[in-house]
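Chemist: Starting from the structure of chain F, add chain R where the hints point.
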Amino acid sequence: MSSIPAPILWTVIIGLALGSYALRFAFIGFMGGRAIPEWLMRHLRYTAVAIIPALVAPLVVWPAPAGGEPSLIHFAAAAATFAAGYLTRNVLFALGTGGLSLLLLYLAA
Amino acid sequence: MAITTTKSAFWKGFRDSAPFIFMASPFGFLFGVLAAEAGLIVPEAFAFSLAVFAGAAQFTALQLMQENAPLIIILISALAVNLRMAMYSASLTPYLGDAPMWQRALAAYFVVDQSYALSIVQFETEPEMPLAQRVAYFFGTNGIVAPAWVIATALGALVGTRIPESWGVDFVLPLAFLAMIGPMLRTPAHIAACFVAVAASLPAAALPYNLG
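Quick note, the sequences are listed as chains F and R, same order.
No gaps in the numbering here: position 68 of the first sequence is 68 in the UniProt record's numbering, and each next residue is one more.
No gaps in the numbering here: position 147 of the second sequence is 147 in the UniProt record's numbering, and each next residue is one more.
Derived from the structure by calculation, the hints contain no laboratory data.
Glycine included, every Cβ here is placed at the ideal spot set by N, Cα and C.
Keep in mind that a hint or two might mislead.
Claimed, not checked - Some, not all, of what chain R presents toward chain F, calculated at C-beta under 7 Å:
| hint | residue |
| --- | --- |
| 1 | P70 |
| 2 | L92 |
| 3 | A108 |
| 4 | C194 |
| 5 | L202 |
Stated by the list, open to error - So the derived label-pair ranges between C-beta atoms look like this:
| hint | chain 1 | residue 1 | chain 2 | residue 2 | range |
| --- | --- | --- | --- | --- | --- |
| 6 | F | E69 | R | I21 | 38 to 44 Å |
| 7 | F | Y86 | R | R15 | 25 to 31 Å |
| 8 | F | S3 | R | K7 | 29 to 35 Å |
| 9 | F | L72 | R | P94 | 33 to 39 Å |
| 10 | F | M31 | R | E128 | 19 to 25 Å |
| 11 | R | I163 | F | F75 | 23 to 29 Å |
So that you can see chain F by itself, here it is in the shape it has in the complex (with noise of 0.2 Å):
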C-alpha cells in the first residue's frame, strides 16, 4: 500500500475536523429550542446508508486481495458480514463473523 502524502493527510484532518464540527454545532448552536422542520432531518438520516454502501460495493465485487478480480471467497465473506449485521444488529458480531468466514474459506480453498 502506497504512503499517504503529508500535506493530503493533514488537509483532510483538518477539513474533516472543522467540517464534521460544524455539522455537529449547526443546530444545537444556532437554533436554540426550536424544533426543526421535518423535512430536513429525512434528508439528513439517509446519505450514510447511502455513501458508505456505494463506497464499499465496488470493494467487494473487485476486491483489492484479489488483484481487483472478482473473487468467491472475498464476496463470501462480505454476504457473511453484511448478513451477520443486519439480523444481529451488532458491528462486533458482524465483524468476527466476516473475519472468521474469510479466514476459513482461505483456509479450505
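Modeler: Using the frame of chain F, we list chain R on its own:
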C-alpha cells in the same frame, strides 16, 4: 427511577454508555491498525481520531486517500457520511438548545451515534428532567467511550506497524464498512437507499474515483 442531582445524571450517562466501550475500543483499534497499514504514523492516527472523532467518516477518508482520490472528493464523501451528525444535532436541540453557549459548543464535539442514541432515549423517557441534568447525562455518555476511542486508535496504530502486509488486512476495511451498514438499515426506506446506492456505484466504479 428518576435522577435527583446533576452529578448522578452524569454518572447515569456514564453507566448507560459503558457497554459501548466494547464497540468503540475494537473499532478504534481497527482504525489505528488500518491507518498504520496505509502509512500513517502513530501521532497522525491519534490526531485523526481526536480531531475528527467520527468512525465511519474516518474509515471513508482513509479508504479514499489510499485510492488517491482528489482532495475535494475525499472531503465531500467523508462529510456526507457525517451528515447524520447534523440530524443528531437537530434532534437534540429541543432538549439541549437552551444550555449556555460554552456547553453547547462543547457538546457539539461529542455528538456521535452512541451519545445521541442514549441521550434521546433518556430525554424522551423522562421529559421532566431539568436542563442541567440533561446536559450532565449527555456528557456522561461520552465520559469513557470518547477516551476509549482515541486511546484504542493510538494502540491500533502502534500494533499496525508490526503487522506484515501478507496477512491480507486490506479486505478488513470493506468488511468493517459492511458490518457498520447492517445495523444502520432500520427501515425499508434505509434498505432502499442502500440498494440504490449499490446499484449506482458499480457501473460508476468503472469511472475514476468511484463517484457513485
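Chemist: Has the hinted range 25 to 31 Å been met by the Cβ atoms of Y86/F and R15/R?
Modeler: 29 Å, holds
Chemist: Would the stated hint for P70/R survive a check requiring a Cβ distance to chain F of less than 7 Å?
Modeler: Violated - the Cβ of P70/R stays beyond 7 Å from chain F, reaching only about 10 Å at its closest.
Chemist: Using the beta carbons of I163/R and F75/F, state whether their distance is inside 23 to 29 Å or not.
Modeler: 24 Å, holds
Chemist: Does the CB of L92/R sit less than 7 Å away from some CB of chain F?
Modeler: Hint on L92/R: holds, closest Cβ of chain F at ~6 Å, below 7 Å.
Chemist: How about A108/R: closest beta carbon in chain F under 7 Å, or not?
Modeler: 4 Å, holds
Chemist: Holds or violated: L202/R as interface residue toward chain F, Cβ cutoff 7 Å?
Modeler: Where the cut-off is 7 Å and the nearest Cβ of chain F is about 6 Å from L202/R, the hint holds.
Chemist: Looking only at beta-carbon atoms, does the pair E69/F, I21/R fall within the given range of 38 to 44 Å?
Modeler: 39 Å, holds
Chemist: Starting from the range 33 to 39 Å, see whether the pair L72/F and P94/R falls in it by beta-carbon distance.
Modeler: 50 Å, violated
Chemist: When the nearest CB of chain F is found for C194/R, is that gap smaller than 7 Å?
Modeler: Holds. Min distance 5 Å.
Chemist: For the range 19 to 25 Å, tell me whether the beta carbons of M31/F and E128/R fit it or not.
Modeler: 22 Å, holds
Chemist: If I claimed the Cβ atoms of S3/F and K7/R lie 29 to 35 Å apart, would that claim hold in this structure?
Modeler: 48 Å, violated
In summary, the numbered hints that this structure violates are 1, 8, 9.
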